[in-house]
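J.: If you're matching them up, the sequences are chains A and B in order. Last residue of the first sequence: 967 in this note's numbering, with the numbers rising by one and none dropped. Last residue of the second sequence: 114 in this note's numbering, with the numbers rising by one and none dropped.
It is possible that part of the hints are untrue.
[To be verified] Computed footprint of chain B on chain A, listed as stretches where at least three residues anywhere in the stretch have a Cβ under 8 angstroms from a Cβ of chain B:
| hint | segment |
| --- | --- |
| 1 | 574-585 |
| 2 | 618-629 |
| 3 | 636-645 |
| 4 | 705-717 |
If you're looking for bench data, these hints aren't it; they were derived computationally from the structure. No residue lacks a Cβ here, since even glycine has one placed at the ideal position from N, Cα and C.
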Amino acid sequence: MTIPFPQIHWAYLLPVLLVVGGAVFVLMWDAFFPQRERSFLVTLTLAVLASALGASLAAQPGSEAASMGGMYLYDGFTRFVFALILLSSFFSVLLSAAQRSLEEVPAGDYLGLILFATSGMMLMAATRSLLMVFVGLEIFSLALYVLAGFLRGQPEGNEAALKYFLLGSFASGFLLYGMALIFGATGSVDLMEIAQRLTTSPPSRSPAFLLGLGFVVVGLGFKVAAAPFYMWTPDVYEGSPTAVTAFMSVGPKVAAFAAFFRLLLAVGPRAGAELDAILWVMAVLTMTAGNVSAIWQSNIKRMLAYSSIAHAGYILVALAAVRRGSDLATGSFLFYMLVYALMNMGAFCVVVAAGARGEERTRIEDYAGLGYTRPALAAAMALFMVSLAGIPPTGGFVAKFYLFSAAVKVGFVWLPVIAVLNSVVSVSYYLRLVVLMYMREPGEAPARPGLLGPGWSYALAALVLAAAGVLNFGIFPSSFFELALRSTLLLN
Amino acid sequence: MAPLEHYLILSAVLFTLGVVGVVVRRNAIVVFLCIELMLNGANLAFVAYGSFLDSLDGQLIVFFVMAVAAAEAAIGLAIVVLIYRHRESTDVDDLNLLKL
Numbered sequence: 476m477t478i479p480f481p482q483i484h485w486a487y488l489l490p491v492l493l494v495v496g497g498a499v500f501v502l503m504w505d506a507f508f509p510q511r512e513r514s515f516l517v518t519l520t521l522a523v524l525a526s527a528l529g530a531s532l533a534a535q536p537g538s539e540a541a542s543m544g545g546m547y548l549y550d551g552f553t554r555f556v557f558a559l560i561l562l563s564s565f566f567s568v569l570l571s572a573a574q575r576s577l578e579e580v581p582a583g584d585y586l587g588l589i590l591f592a593t594s595g596m597m598l599m600a601a602t603r604s605l606l607m608v609f610v611g612l613e614i615f616s617l618a619l620y621v622l623a624g625f626l627r628g629q630p631e632g633n634e635a636a637l638k639y640f641l642l643g644s645f646a647s648g649f650l651l652y653g654m655a656l657i658f659g660a661t662g663s664v665d666l667m668e669i670a671q672r673l674t675t676s677p678p679s680r681s682p683a684f685l686l687g688l689g690f691v692v693v694g695l696g697f698k699v700a701a702a703p704f705y706m707w708t709p710d711v712y713e714g715s716p717t718a719v720t721a722f723m724s725v726g727p728k729v730a731a732f733a734a735f736f737r738l739l740l741a742v743g744p745r746a747g748a749e750l751d752a753i754l755w756v757m758a759v760l761t762m763t764a765g766n767v768s769a770i771w772q773s774n775i776k777r778m779l780a781y782s783s784i785a786h787a788g789y790i791l792v793a794l795a796a797v798r799r800g801s802d803l804a805t806g807s808f809l810f811y812m813l814v815y816a817l818m819n820m821g822a823f824c825v826v827v828a829a830g831a832r833g834e835e836r837t838r839i840e841d842y843a844g845l846g847y848t849r850p851a852l853a854a855a856m857a858l859f860m861v862s863l864a865g866i867p868p869t870g871g872f873v874a875k876f877y878l879f880s881a882a883v884k885v886g887f888v889w890l891p892v893i894a895v896l897n898s899v900v901s902v903s904y905y906l907r908l909v910v911l912m913y914m915r916e917p918g919e920a921p922a923r924p925g926l927l928g929p930g931w932s933y934a935l936a937a938l939v940l941a942a943a944g945v946l947n948f949g950i951f952p953s954s955f956f957e958l959a960l961r962s963t964l965l966l967n
Numbered sequence: 015m016a017p018l019e020h021y022l023i024l025s026a027v028l029f030t031l032g033v034v035g036v037v038v039r040r041n042a043i044v045v046f047l048c049i050e051l052m053l054n055g056a057n058l059a060f061v062a063y064g065s066f067l068d069s070l071d072g073q074l075i076v077f078f079v080m081a082v083a084a085a086e087a088a089i090g091l092a093i094v095v096l097i098y099r100h101r102e103s104t105d106v107d108d109l110n111l112l113k114l
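Chain B with its partners taken away, still in its complex shape:
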């Protein structure tokens, strides 16, 4: 079995990719995709720690997170569809009705 560090590095890479993606990408759906990547990075860390610490908690939490991510996807995509109907665009830079 690979040492714990390998899993943690992979989870950190996934999380960082997600964060960079949210900041860099402009398409709302891609931004959402990157948020999912962040959640999965955290999931991997939970599973790896849980397995190495012999704790069931880590494995168990992942199921909650997956359920939450699914609910989030349903709501997020619905909101994106709503925006698209009004604007014909899912670019987050086009969201400028409310001034910053």
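Okay, chain A solo, but in the shape it has when bound:
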């Protein structure tokens, strides 16, 4: 038996290699030179992420997109998703450097874990092998379990870590068993071969295949926090350090959705109406549950958690459209994730920046009168809330518009209607915060206004970047949307 040695395309691998190499370097540097300043490691991590972003933008996906026998796949979709993941990691590092409660943690361990998680997300998004999907998912999940409980002295963080760990591993078990069943029914874990088997000798009706597909949907649904598997989200988001929460709310979702898209591209056209119905119900349940629960929250991190669940519901609308073979849906998903990453990171950045040493502003009540005490911060928060609600002229509106119109084009009627109604509901809790910030007097004197930690420059950079992006995509969306549309999704 001869085993063909796959050709390695270093230019395509470079972004992942840079991130992994950077992670090892940061970890080791801190072990050998622990007394060095923290800002050095933060700058180094940011440089690693920026260079990986540059490398992935520079690597034009060509005809030989697949390398490593399908284990690693670099197409236009991968390239855009890499940019999204690296961007969200970049923001999380900025937020982590700005957060006061993270000042005391060992920077090398923390930043190394962020980089390792980033590499896992990239690998999960850039493969057509179910095995690599699993391995990539575990790489970033394990890093995130640790990051969730990184403030070891905080009982809430510990609890969040244990809940995330137990439920996350439970979902991984489902994912893995589903993959085993799909492997048994089709004889392969390579999505392209699975797609071929499904067309030539359709086992798509076999119970093992359908059960396996269902289990995989459960596993991925857990990672993107889709209903009914979102129960962990509010607890974990509330208990984790805010910068980690911001990281969890964007990066893993991008990666899991990317894997979901590839899976649907392979099995979608053949797996038929059941999948259509499942995605429809999941999308409606997810956005409704997220939006309705968000109304009652008194903790801003929980509110943003439910808001992120609702946004996952909107993206499931795009997934349902991809199942019906819509090219527009892929592009609008990428554009939506880009805008979502910016506005969500921006909102979490305001939460980080509004906190003082030792006391975070996590209750929504704490934001009363922020418009008077810290006008710039409140203005930024108002912008992100308006964008999350999907009101023009912000990026959130344009992204939702593209997303829902993609669903309309493939013949969905009620799904976009329910999604728009949901957006209307969401306005109530997003704007409640804005009203609170501007129309209420500040409560008891907030922790000395203008008190900024040493990380204020990082917070400022993140805020300016996010705000500029949200406004830019709201007013001049076309160039980036064109780019997203051209980022085609391939299997071979």
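Put chain B on the given structure of chain A with help from the hints.
T.: What follows is chain B alone, placed relative to chain A:
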């Protein structure tokens, strides 16, 4: 050699036992044990299918899963120890600081 169904039934039993255990048991370590059982149920299915389909992939995947399970055990048990230091308990029902 026993027919494929036998292996698959055993793997399904292992997986189901794991799922039931996660839902029923309250001790974090036992819950984790049951998750490992689920992974091993999947492993058995991979090996059985791989052997019967004459595909090396099935055997190969199991090694990845075992490595992942080991890493998971290291992290999971560390988190459980951390919780135990704070609460003197590993009962998942005691995790009630964050409201549901």
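J.: Each hint: holds or not?
T.: Evaluated hints:
1. 574-585: Violated, because only 0 residues of the segment 574-585 of chain A bring their Cβ atoms closer than 8 angstroms to Cβ atoms of chain B.
2. 618-629: It holds, with 4 qualifying residues against the three required.
3. 636-645: holds (count 7)
4. 705-717: holds (count 5)
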